[in-house]
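Student: As you go down the protein sequences, you meet chains E and P in turn.
Numbering-wise (UniProt numbering), the first sequence opens with residue 1 and increments by one.
Numbering-wise (UniProt numbering), the second sequence opens with residue 1 and increments by one.
No lab work stands behind these hints, which were simulated from the structure alone.
Treat the hints with care, as some may be off.
Stated by the list, open to error - Have a look at the derived ranges for each label pair, beta carbon to beta carbon: (1) Gln194/E - Val162/P: 55 to 63 Å; (2) Thr2/P - Gly79/E: 41 to 49 Å; (3) Gly42/P - Asp116/E: 32 to 40 Å; (4) Gln80/P - Gln144/E: 41 to 49 Å.
Claimed, not checked - Here are a few chain E residues that sit away from chain P, every Cβ distance over 12 Å (derived from the structure): (5) Val6; (6) His24; (7) Asp37; (8) Leu44; (9) Ser49; (10) Arg74; (11) Gly95; (12) Thr98; (13) His99; (14) Asp118; (15) Ile120; (16) Pro126; (17) Gln127; (18) Asn134; (19) Arg150; (20) Phe205.
Where a beta carbon is used, it is the ideal one built from N, C-alpha and C, also for glycine.
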Amino acid sequence: MPYSLVLNLLPRSPIPQAHLSGRHLHALFLDLVQAIDPALANALHQQQSEKAFTLSPLQVGNPKGNTLQWQHDRSISAGTPCWWRISLLDETLFGRLTHLWLNLNTQKSWHLGAADLDVINILGTPQATQPWANFSTYAQLYEQASDCDRLIHLKFYTPTTFRVTNYDCALPTKELVFQSLLKRWNQYSQISFQKTLIEPIYPSFFDIRTEIAIDNRSKFIGCVGNITFQILGDIDPSTIQQINTLADFAVFAGIGRKTPMGMGMVRRHPRKS
Amino acid sequence: MTMIYHCTLELHDSLYFATREIGRLYETEPVLHNYALSYVLGLIDNPQYNTVVPEEHAYRYFCSEQVPKYEEHLTPLNQQGIYVTPARAVSHTAILNTWKYADNRYHVEMEPTSKNIPSFGRTKEIAPESQFEFFLITEKALVLQRWVRIGKWASKARLEAVELPKLTLHSAGEFAYPHPLNPLDVMFTNQVLSYDTVNMPPVSLIRNVRMIGEFYTVEGMQGLKIPAKMQYRFSN
């Protein structure tokens, strides 16, 4: 069952700007897992591609709905409410981490770089004020997907980039976007979709730009913005349903490279926004 | 026969306990833990409810040690078939208070404190007139106090308990329960699918819970499904 969990955090001490990169948040997540299941943390760490989780960049303040931060140009002062999204793709991960979600207060406080963090609460169910918290089974995602909706509006919230041969490509073509989703879907759900699924999809609108996500070691150029894909041609409803399923799955899976480092956060919108 | 009381707690004083400590700010979350409520209702170590505990664990005003004895105190409630759910705020407001334990003499030699006791800070408290609700599940009718004392300041609160009419026990199925729950008390008998966690000691609570298990419905209260078979459980 894919989960999209939102952790509300409160730093006890200032978080230096240098410690807000995806790499530090990645380390924080592995620390959290390590605390209850060292073997699992090790396995997650060693997973080379299509990792079983994605992480958002650290967000300051209340969710504004339409934008996410992926860069911080200053440190975050102590006591500033922050939130952070963790999505889990593996059906069993949430259960294996249950002890973590329920015993946070008895553990030490968590560290992001030099700062101590308190976890206030963890949202795992859909909320009116927090659009990024959600859960659904793979079967539900499939059953609830529309078999007649031919328009797919995707919004790239954080820079999204793709690996093409040996280099990065920031242009989200239909093949790159949907293959990324299809690979993750086929790996983690028990319902397998054909590769030919992508054929009837065509981009019909885009309003995207490139943005740089800086990691300590390198710069990644990715795209953010809106893109609409349309399903064209005489297509049977089950194929349309499968494509819609992939689009709905994007909120959990993210798209493209470095999703465990905060890149590629994508959500489907009923209309362009 | 199982009975469920729907209890409402109205604060007549400001309520304070530290759900979390953020530097010098001590914050009260508007959620009442079911352990705390069990004590507040006077259910612990009380001959009236047949929950008297062995002498060495007696629940007294003056304790020989500051170590909680939840397991020793709450297990007799299980034996009597009494269970209290955590409470959620029906309506509440918060107030901030600044406090300082100072030495008022003009000349003070600075000495390091021998104990780790906070001497100044701010407390975020729940204001009077705030209301909480919870359920009390019991195997036999209980007579509850009308006035109770709660929180670090032993704040006064009015308790109202209304017995819910006609309960129906349903066999295991999937349902959602929006009120807070103690995960330890439900996880062994119900399969919990999804929830939000409220991080608070000694056991974090969960709410907006979707689970599979047996549940009660109440005549005239559409949509309310209360998990069955809850009892106090301890992780070790």
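Student: All hints are to be evaluated individually against the structure, with a verdict given for each.
Tutor: The hints, checked one at a time:
| no. | hint | verdict |
| --- | --- | --- |
| 1 | Gln194/E - Val162/P: 55 to 63 Å | holds, 58 Å |
| 2 | Thr2/P - Gly79/E: 41 to 49 Å | holds, 45 Å |
| 3 | Gly42/P - Asp116/E: 32 to 40 Å | holds, 38 Å |
| 4 | Gln80/P - Gln144/E: 41 to 49 Å | holds, 45 Å |
| 5 | Val6 | violated, 9 Å |
| 6 | His24 | holds, 21 Å |
| 7 | Asp37 | holds, 16 Å |
| 8 | Leu44 | holds, 21 Å |
| 9 | Ser49 | holds, 28 Å |
| 10 | Arg74 | holds, 20 Å |
| 11 | Gly95 | violated, 9 Å |
| 12 | Thr98 | violated, 8 Å |
| 13 | His99 | violated, 9 Å |
| 14 | Asp118 | violated, 6 Å |
| 15 | Ile120 | violated, 6 Å |
| 16 | Pro126 | violated, 9 Å |
| 17 | Gln127 | violated, 8 Å |
| 18 | Asn134 | violated, 9 Å |
| 19 | Arg150 | holds, 31 Å |
| 20 | Phe205 | holds, 34 Å |
The structure shown violates the earlier hints numbered 5, 11, 12, 13, 14, 15, 16, 17 and 18.
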